[in-house]
Amino acid sequence: MAPSVGGDPAAPTDTAASQSAPDGSSKAAIDGAQTSKTSAIASSGKQENGVANGETKASGAEAKKRAKAEKAAKREREKAERAGAGGTAAGPQASEQGGQSSGALKPTQNQQKGQKDRQGEAKAQAQAQTSSKDAKASHKRTGSVSAANAQRPLALRRRPSQSGGQAKESKQIVKEVGLFGHLYNQPRRYTIEGASKAVHPAVLALGLQMSSYTICGSSARCVAMLLAFKKAIEAYSTPKETSLPRHMSSHYLSPQIDFLKTCRPISVSMGNAIRWLKDQIIHIDPDTDDGEAKAELCAGIDQFIRERITVAGSAIAASASTKIKPGDVILTYAKSALVEQTLLRAHEAGTDFRVIVLDSRPLFEGKNLARALARAGLRVQYMLLSAAPHAAKEATTVLLGAHAMMSNGRLCSRVGTAVVAMLAHARAIPVIVCCESVKFTDRVALDSIVQNEIAPSEELLLPSAAAGVADGGSLAKWKETPGLQLLNIMYDVTPAEYIDMVVTEFGFLPPSSVPVVHRISTERDVRT
Amino acid sequence: MPSVMLAPTPGIATFLKHLKHNPVDASIENFVSLLKRRQIRSSRPCAIATTHLLLKVVATFRDRDVAKLVERIRSVGQQLIAAQPREMAVGNIVRRVLGLVREIAEDDADENPDSTSMGDSGYLPYSNLEPSGLPTHFSNFSPPKHGSALPQKSGLSQSDSNGGDDNSGQGAVAVEKQLDRRPPLLTSHTSYVASAMAPQVTSLFGLLSHPHTPSPTATPPLGTQSPVMKPGLTSRVLATIPDASAAKVDIKAEVLEGIRELLDELDQADDQIAAYALDHIHSNEIILTHTSSTTVQRFLLAAARKRKFTVIHAEAYPNDYLETHATIMQGRQKSAVGDDEDERWSPLTALGITVIMIPDSAVFAIMSRVNKVILSPHTVLANGGLVAAAGALTIAQAASVHKTPVIAVSGVYKLSPVYPFDTEELIEYGDAGRVAEFQDGEMVESIEVVNPLFDYVSADLVDLYITNLGGHAPSYLYRIVADHYRAEDVNL
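So the sequence lines, in the order shown, correspond to chains A and S. Under the numbering used here, the first residue of the first sequence carries the number 1, and numbering increases by one thereafter. Under the numbering used here, the first residue of the second sequence carries the number 529, and numbering increases by one thereafter.
Think of the hints as simulated: they come from the structure by calculation, not from any bench. There's no promise every hint is true.
As the list claims (entries may be wrong) - Taking lysine to any residue and the SDA-like style, the derived pairs with C-alpha atoms no more than 20 Å apart in a straight line are:
no., chain 1, residue 1, chain 2, residue 2
1, A, Lys-65, A, Glu-81
2, A, Lys-479, S, Thr-932
3, A, Lys-278, A, Ser-249
4, A, Lys-479, S, Phe-949
5, S, Lys-931, A, Lys-231
6, S, Lys-836, S, Pro-875
7, S, Lys-834, S, Glu-851
8, A, Lys-393, S, Phe-949
9, A, Lys-278, A, Gly-300
10, S, Lys-931, A, Leu-446
11, A, Lys-479, S, Gln-858
12, A, Lys-393, S, Asp-950
13, A, Lys-479, S, Lys-584
14, S, Lys-836, A, Val-444
15, A, Lys-477, S, Pro-875
16, A, Lys-393, S, Ser-928
17, S, Lys-584, S, Leu-784
18, A, Lys-175, S, Pro-875
19, A, Lys-367, S, Ser-974
20, A, Lys-477, S, Glu-851
21, S, Lys-780, S, Ala-587
22, A, Lys-175, S, Met-857
23, S, Lys-900, S, Gln-858
24, S, Lys-834, S, Ala-878
25, A, Lys-477, S, Ser-874
26, A, Lys-231, A, Leu-179
27, S, Lys-931, A, Ala-426
28, A, Lys-175, S, Ile-814
Produce the complete structure using the sequences and hints provided.
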């Protein structure tokens, strides 16, 4: 009975529960996989129902009434059964009139019986609904009812201890932070299990590398993706009936992109690169030979990487390094490839300066940057973000990397960047962002909540906790603690007023010029 | 976690046990070494340990002379403060006890008609603040100095205090020369003796005319609450008190009583603060906090019994995150201080409160949705600023950007009369190995790693202080300092 009413175990009121009856499957999104599966079964059960009857009218109120009646009928039947009354002749009548108050408890009780039971129940329910609909007032279809009843005893084994425990269990399931609830449907994939056959092995490998943070960072992921696509394109052959420009994008490239998206949400730079690539594909002359077309595409990809990322990066490093004066103390956060390039460039030019690298949990990207700089001979200080005010006391310039620049001038970067920018701004320290134009986007952002990436909470656990070691103090049992949620966002948005300058391959810009430059750089790629 | 320990970790529990069975001086040594080795940390354990220690010091004090008692407490206090100057709670308690002794002795002197109820101003002006060991620069022309009285150069009970006296003494001479021209004013005080004893004046005129006397109307009149100024306590005055042994025993008993009350205050501080919780938290609020502070947790628990809200808890990595995780998961299972049974409290999640744990980097990102911030300081300073665990300044600044109110909860025992001339001095640095492990050879060799334990948050970033005496604006704290401490004790 429960599944068809709606897989929502947390239904606090009867009305909510009964109203969710017709569209129970949609409500199951919040709950775990179990309930979503059962509601799928439930909806299929209902379809059986409708087909069998032939009287499924689309009237919502009617359907609701019917569902209520069915629910009540079923409850009465269960009650009668449990009381041992056998043939439930009087059951449906009585049930249709009342008895809905007990409904809230019963569906939730049954939730725990496991999938198989629910499947059985759903089928039984379908039959029962059929029979109750036809019967209306009197009900003599003992045959079907008893058949349904025969299946029910398994499902109805009552465990009194569980009636009270249900409420607790429903609370425990909420491990998603309410404010970010819309972001929890972003999947993460750690195995290639279930991947489509169409995905090229290079892309498979890349996907896993991205989800495990082996390849991390906006530019790095963009380049890696394009190189993997190059390999995939080389392995492509156009089917007979169609031409490359028409077929490749939607039938070959899309599965690869979708696979990457399931591994980890793609970055803005990757999105821009994909848009550019698809545009390139569309503009290929259908008459060109496959081999030629593919070579052209690969050359185009190489040129894109060279122009928009490699050369752009080196131009940015050159211009930004002119902003580093002798005696400077440069403050940076986490690891940005561009900032690293800039600092190394300035160091090679002989400028005497030192660097403070700030870092944070859980990725600790700043450690890698600190090591790389120290290896190159720079004077490096390493601190955690809690020491940021202390670092800001000595800093003369702040250099930041970007994940994306939004069109309202805000910087989207690793979570914690906004903290550094705010502290620098409070002390009137110039904040310089190094960002290629491929990271510019049309989107605008006002906060870090509407658009963000939520990483799995398990990444916040300390290694011993993650391994399940029952250390009393650690968060090993966080999943069982009701009301406890761990929030692991990956990006934050820095207000434009904290940023003094953006360095792009086109030169130095104020953050307000980002949309203008974005237009220019996209127009340049559009072939008219 | 080992359930059987061969020897208990040195800390406040071992110290209190040690105190019960050993002579006072040995206990002082023990406490000093605990402080130096940072085996006893954070304000509350230090305050409790100091109070117990001073209780024993006073209890075992044999002499009859109140001045000697003051001296004894001062010397013990100096030892303790020198052991760990950044553990301000120790100094606060010592100063509280000293103030208590002085007050009781004065009350006794008042009742005793033989004593001259008016003595020379043994007062050091409030301006003469120079905590021992912490270098400060003190300008002779600073405002507190100008309006207030200047110290006499005659031999006072403070003659053995360190060099701070000399600086202010020189300044006093300079200003004296400019100002002592007009005759002193008559006041309502009964015994106006000749100028050997400085007359009491109650007006600003008199203040400027007779710079030797501290004015009771100048702010703050430390240690006095009545418009008529109480006489300072000097060795001269005390020497003139007839040696009534009965009165002395009373004084000692009263001092012990007062210290026990102080202990009670320390025990009840958290409860009293928690009593104000419902005045400040409404339903469906989102409250941000950080670190594993008991005071904050009990404050929130008190509100959680009646209201439903959400708490966002920033783990304070790297110094407090394990304790924060433990606090979030289990609350407090056993007390760290003594064998108090009511030290246990359940975690917020057990009361149905949603707790969201975030890493410190996400503070700015979620601040726009936070309704208020609750911080727990390590020390509160007289100018309204506070020293709190690292990360507090980031949170307070982010809150001020988003116009989110910041509340600091602390007992009055954390309030220090020391003015932070150099805020750098207040920051303690901790184990760099927590930031980058020592096993990481590359980092250890070539990279400098710093781990500050505290942040100084200035008064303009804090909106409200909730203490066991109620809620106050940061600008009111100087009054509370004046109520609890004496000017002559500030410079130990």
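Status of each hint after checking the structure:
Of the supplied pair hints, the one linking A:Lys-65 and A:Glu-81 is violated, its CA atoms being roughly 24 Å apart against a limit of 20 Å. Distance check on the hinted pair: A:Lys-479 and S:Thr-932 sit about 31 Å apart at the alpha-carbon level, beyond 20 Å; violated. Between A:Lys-278 and A:Ser-249 the alpha-carbon distance is near 6 Å, which keeps this suggested pair within the 20 Å criterion. Restraint check for A:Lys-479 and S:Phe-949: not satisfied, since their Cα atoms lie roughly 48 Å apart, outside the 20 Å limit.
With a C-alpha separation of about 52 Å, the suggested pairing of S:Lys-931 with A:Lys-231 is violated against the 20 Å cut-off. For the given pair, S:Lys-836 sits about 14 Å from S:Pro-875 by alpha-carbon distance, which is consistent with the 20 Å threshold. The straight-line distance between the Cα atoms of S:Lys-834 and S:Glu-851 is roughly 26 Å, outside the 20 Å bound, and the hint therefore fails. For a cut-off of 20 Å, the pair hint linking A:Lys-393 to S:Phe-949 stands: about 17 Å separates their Cα positions.
Our distance criterion of 20 Å between C-alpha atoms is met by A:Lys-278 and A:Gly-300, whose separation comes to about 12 Å. Straight-line distance between C-alpha atoms of S:Lys-931 and A:Leu-446 comes to about 16 Å, which keeps the hinted pair within the 20 Å bound. Taken as a hint, the A:Lys-479 and S:Gln-858 pair is honoured in the structure, with Cα atoms around 14 Å apart against an allowance of 20 Å. With a CA separation close to 14 Å, the supplied pair A:Lys-393 and S:Asp-950 stays within the 20 Å bound.
The straight-line distance between the Cα atoms of A:Lys-479 and S:Lys-584 is roughly 49 Å, outside the 20 Å bound, and the hint therefore fails. Taken as a hint, the S:Lys-836 and A:Val-444 pair is broken in the structure, with Cα atoms around 34 Å apart against an allowance of 20 Å. Simply put, A:Lys-477 and S:Pro-875 have alpha-carbon atoms about 14 Å apart, close enough for the 20 Å limit, and the pair holds. Restraint check for A:Lys-393 and S:Ser-928: the C-alpha separation of about 19 Å stays at or below 20 Å, so the hint holds.
For the hint linking S:Lys-584 to S:Leu-784, the alpha-carbon distance of about 9 Å falls within 20 Å, and the restraint holds. As the CA atoms of A:Lys-175 and S:Pro-875 are separated by approximately 17 Å, the hinted pair is consistent with the 20 Å bound. Distance check on the hinted pair: A:Lys-367 and S:Ser-974 sit about 12 Å apart at the alpha-carbon level, within 20 Å; holds. Distance check on the hinted pair: A:Lys-477 and S:Glu-851 sit about 15 Å apart at the alpha-carbon level, within 20 Å; holds.
Annotation: proposed proximity of S:Lys-780 to S:Ala-587 holds, straight-line Cα distance about 8 Å (limit 20 Å). Between A:Lys-175 and S:Met-857, the direct Cα distance comes to roughly 15 Å. Compliance with the 20 Å bound is thereby established for this hinted pair. With a CA separation close to 24 Å, the supplied pair S:Lys-900 and S:Gln-858 exceeds the 20 Å bound. Between the alpha carbons of S:Lys-834 and S:Ala-878 the distance comes to roughly 14 Å, so the proposed pair stays at or under 20 Å and holds.
Taking the CA atoms of A:Lys-477 and S:Ser-874, the gap is near 16 Å; set against the 20 Å cutoff, the hint holds. Under the criterion of a C-alpha separation no larger than 20 Å, the hint pairing A:Lys-231 with A:Leu-179 is inconsistent with the structure, at around 40 Å. As the CA atoms of S:Lys-931 and A:Ala-426 are separated by approximately 15 Å, the hinted pair is consistent with the 20 Å bound. With a CA separation close to 17 Å, the supplied pair A:Lys-175 and S:Ile-814 stays within the 20 Å bound.
Against the hints set out earlier in the document, violations occur for numbers 1, 2, 4, 5, 7, 13, 14, 23, 26.
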